[in-house]
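S.K.: Listed here are the chains, written in short residue letters.
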Amino acid sequence: MLSLKNWWPTPVRSLFLFLVWLLLNNSVALIHLFFGLLLAWLIPLLIHKFRLIQPGIKKPGVALGYGLMVLGDIIVANLQVIRLVLGPNKKLRPAFVMVPLDLTDNLAITILASTVSLTPGTVSADVLPLNAEGAEQRFLLLHVLDLADEAQLIEQVKLRYEAPLKEIF
Amino acid sequence: MLALILQGCFVVVGVALVLNLYAAIRGPSVVDRLLALDTMYINSIALLLLYGIYLGTSLNFEVALLIAMLGFVSTVAVCKFLLRGDIIE
Amino acid sequence: MSMIEWLVALLAVAGSLFVLMGSVALVKLPDFYTRLHGPTKATTLGLGALVLSSMAYFNFVKGELSLQQLLIALFLFITAPITAHMLIKAALHLKLDSAEQTSGQQKADL
Numbered sequence: 001m002l003s004l005k006n007w008w009p010t011p012v013r014s015l016f017l018f019l020v021w022l023l024l025n026n027s028v029a030l031i032h033l034f035f036g037l038l039l040a041w042l043i044p045l046l047i048h049k050f051r052l053i054q055p056g057i058k059k060p061g062v063a064l065g066y067g068l069m070v071l072g073d074i075i076v077a078n079l080q081v082i083r084l085v086l087g088p089n090k091k092l093r094p095a096f097v098m099v100p101l102d103l104t105d106n107l108a109i110t111i112l113a114s115t116v117s118l119t120p121g122t123v124s125a126d127v128l129p130l131n132a133e134g135a136e137q138r139f140l141l142l143h144v145l146d147l148a149d150e151a152q153l154i155e156q157v158k159l160r161y162e163a164p165l166k167e168i169f
Numbered sequence: 170m171l172a173l174i175l176q177g178c179f180v181v182v183g184v185a186l187v188l189n190l191y192a193a194i195r196g197p198s199v200v201d202r203l204l205a206l207d208t209m210y211i212n213s214i215a216l217l218l219l220y221g222i223y224l225g226t227s228l229n230f231e232v233a234l235l236i237a238m239l240g241f242v243s244t245v246a247v248c249k250f251l252l253r254g255d256i257i258e
Numbered sequence: 259m260s261m262i263e264w265l266v267a268l269l270a271v272a273g274s275l276f277v278l279m280g281s282v283a284l285v286k287l288p289d290f291y292t293r294l295h296g297p298t299k300a301t302t303l304g305l306g307a308l309v310l311s312s313m314a315y316f317n318f319v320k321g322e323l324s325l326q327q328l329l330i331a332l333f334l335f336i337t338a339p340i341t342a343h344m345l346i347k348a349a350l351h352l353k354l355d356s357a358e359q360t361s362g363q364q365k366a367d368l
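Chains as they are written, first to last, in our numbering: chain H, 1 to 169; chain S, 170 to 258; chain Y, 259 to 368.
Excised from the complex, chain H in its bound form:
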């Protein structure tokens, strides 16, 4: 009845909380280790009932590669954005673009929207329709700073960012 699962529901989250607590205190003194362990055990236990169950990461390797690729893309995207910002305003071709989504899970869509916002000259504006029920196809509305080719951009988002996320979740 009282299995380990009940008393220690989310080991990974506990580890993460513990590390964050140590970083916050910036020390590995005994008292911080002890209190960090206590908090890392107690907080997930107390909030466990309110938690929405999210899908787990199926392929950690792919997820790590995805993170590194996004970091690289952030730097490239920034240099692009700075070049566009310093150029004349008249040459900008801002646009709203709809990207059809294959992902269905809310967490995966959130991660996709966040990476798209941080990376290539695009900001995610909205997910349409917001509720998954009754809608067979959902769209991500993007604002693009400088749009060269709409079809190419949609393909880039789908291949470069959406395909790995579909593998991960």
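Among the hints, erroneous ones may be present.
To be verified - Keeping only pairs whose Cα atoms sit at most 35 Å apart, straight-line, the calculated DSBU-like set for lysine-lysine is:
1. S:Lys249 x H:Lys58
2. Y:Lys347 x Y:Lys286
3. H:Lys49 x H:Lys59
4. H:Lys59 x Y:Lys347
Derived by calculation from the structure, the hints in this document are not laboratory data.
Please build the complex by placing chains S and Y on the supplied structure of chain H, with the hints as guidance.
M.R.: Same frame as chain H, but now just chains S and Y:
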């Protein structure tokens, strides 16, 4: 030499803060001002980090973390207010 | 100056310039939707570079283990897209005008 370069960085971030202030005053809409204020939060964190290196003290980081959290929460709260006319439903 | 100190200086200068570019974008670009791009991308990356610079300084020049700054970078990289998303949703809700060369404006009205 490092101190001199860091002083140059102070000037650059200071100019960025003045530009933000100009954008916040100019507007023209509420959301524009909100965006300028949010950028000001982040720039002040940048200034605090640079000041921490300059003085060689790590006391500033907690302040920077607090500014980051308060900036995020307040920006999202005002956005929710603009979207719904209410913050907590 | 040692190599590490040059690295600290280089990262600090790059970070400050990125931050400045974010603010220049805020002032220069024509409408809200384009202005949003500067602060979400350039300023976030600039702060990332400053955090790296600060970490390099405290860990290698001062020789004390200090990873606290990593939390600031982590927090900002998580929250920046959310802030941008909320702001652009509010802007779409208020139906702010976009610059006249914007294509696909009717999609925003849905």
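S.K.: Does each hint hold? Answer for all of them.
M.R.: Do the hints match the structure? See the list:
no.: 1; hint: S:Lys249 x H:Lys58; verdict: 34 Å, holds
no.: 2; hint: Y:Lys347 x Y:Lys286; verdict: 22 Å, holds
no.: 3; hint: H:Lys49 x H:Lys59; verdict: 27 Å, holds
no.: 4; hint: H:Lys59 x Y:Lys347; verdict: 33 Å, holds
Violated hints are absent here; each numbered hint is respected by the structure.
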